[in-house]
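Construct all of the structure, not just a fragment, from the sequences and the given hints.
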Amino acid sequence: MVDVPVDQVTGTVDRARVRAQEQLLDAGREMFGVYGYAQTSEQALCEVAGVPEEVLWEEFGSREGVLIALHNQVTTSGLRAAEQALLSPGMDDCPVEQRFRILFDAYVSAVTRDLREARVTFVEVLGVSPAVDEHCKRWRDLWADFLTGEAERAAVRGEAEERDHRVVVMVMVATVHELMAHHSRRPRRARPEEVSAELTQLGLAMLGREPG
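Counting along the sequence shown from 1, when you hit position 156 you're at 156 in full-length UniProt numbering, and nothing is skipped either side.
Hints in this document: simulated from the structure, not taken from any laboratory.
Don't take every hint at face value.
[What the hints assert, rightly or not] Restraint-style ranges between C-beta atoms, simulated for each label pair:
| # | residue 1 | residue 2 | range |
| --- | --- | --- | --- |
| 1 | Leu202 | Glu162 | 16 to 24 Å |
| 2 | Arg153 | Pro130 | 31 to 39 Å |
| 3 | Glu53 | Asp133 | 23 to 31 Å |
| 4 | Glu162 | Ser41 | 52 to 60 Å |
| 5 | Glu54 | Thr175 | 38 to 46 Å |
| 6 | Asp93 | Thr175 | 25 to 33 Å |
| 7 | Val171 | Ala69 | 23 to 31 Å |
| 8 | Val171 | Pro130 | 18 to 26 Å |
| 9 | Glu178 | Ala44 | 24 to 32 Å |
| 10 | Glu83 | Met170 | 17 to 25 Å |
| 11 | Asp133 | Ser41 | 17 to 25 Å |
| 12 | Glu161 | Asp14 | 51 to 59 Å |
Positions of the beta carbon are idealized from the N, C-alpha and C atoms, including for glycine.
Here it is, written out as structure tokens:
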């Protein structure tokens, strides 16, 4: 009998787990994003993924865990895209309207690249459970921190009044998610640039500015 090194066995198991996770996420993206979360059973999800239900429970705990993982992927992608856009050359010298437009162009492009993911992120997560609601709230708080920083930088540059922007930003973040959910539900999908333009208007209104 040939002894197989422990690290080789571990590596094989790890790769199998990653593959199973990816299969479940792909299945969730398709089933939740096309047919809806409420209409997708754990059995159906596992059949599409090609894995036993026990694997779902081991890797994600439940189909709700798959939903949260998908939401994490998309929202992380959106936030990173916005951060990268604001770090691009010349952004420090851009007027606030242009900064907001570049920020939201990057964000909308990232979160709507796959329309199934957009539906999962902005529609299918709504009202699922207290745990999912709390998860989404943590992400809204992250976005509120991010946009509050942008509002404060605009105030330092003399493009917004000096005040506590946090409450207004929190209202804006909730409004952004409502707008994205609205567009994700519509039979005729709005073009990304249309959505970005609406979000830019919201951002300027938050700062009490009129578009140029």
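Cross-check of the supplied hints:
1. Taken as a hint, the range 16 to 24 Å holds for the pair Leu202 and Glu162, whose Cβ atoms sit roughly 21 Å apart.
2. For Arg153 and Pro130, the hinted distance range of 31 to 39 Å is satisfied, since their beta carbons lie about 35 Å from each other.
3. Taken as a hint, the range 23 to 31 Å holds for the pair Glu53 and Asp133, whose Cβ atoms sit roughly 25 Å apart.
4. Checked against the hint of 52 to 60 Å, the C-beta distance between Glu162 and Ser41 comes to roughly 54 Å, which is consistent with it.
5. Separated by about 42 Å at the C-beta atoms, Glu54 and Thr175 satisfy the suggested range of 38 to 46 Å.
6. The given range of 25 to 33 Å is respected by Asp93 and Thr175, whose C-beta atoms sit roughly 29 Å from each other.
7. Between Val171 and Ala69 the C-beta distance comes to about 28 Å, which sits within the given range of 23 to 31 Å.
8. A hinted range of 18 to 26 Å for the beta carbons of Val171 and Pro130 is consistent with their spacing of about 22 Å.
9. Our hint of 24 to 32 Å for Glu178 and Ala44 holds, since their Cβ atoms are close to 29 Å apart.
10. Distance hint check: the CB atoms of Glu83 and Met170 are about 19 Å apart, consistent with the given range 17 to 25 Å.
11. In this structure the hint that Asp133 and Ser41 lie 17 to 25 Å apart at CB holds, the actual value being about 22 Å.
12. Between Glu161 and Asp14 the CB atoms are about 53 Å apart, so this pair conforms to the stated range of 51 to 59 Å.
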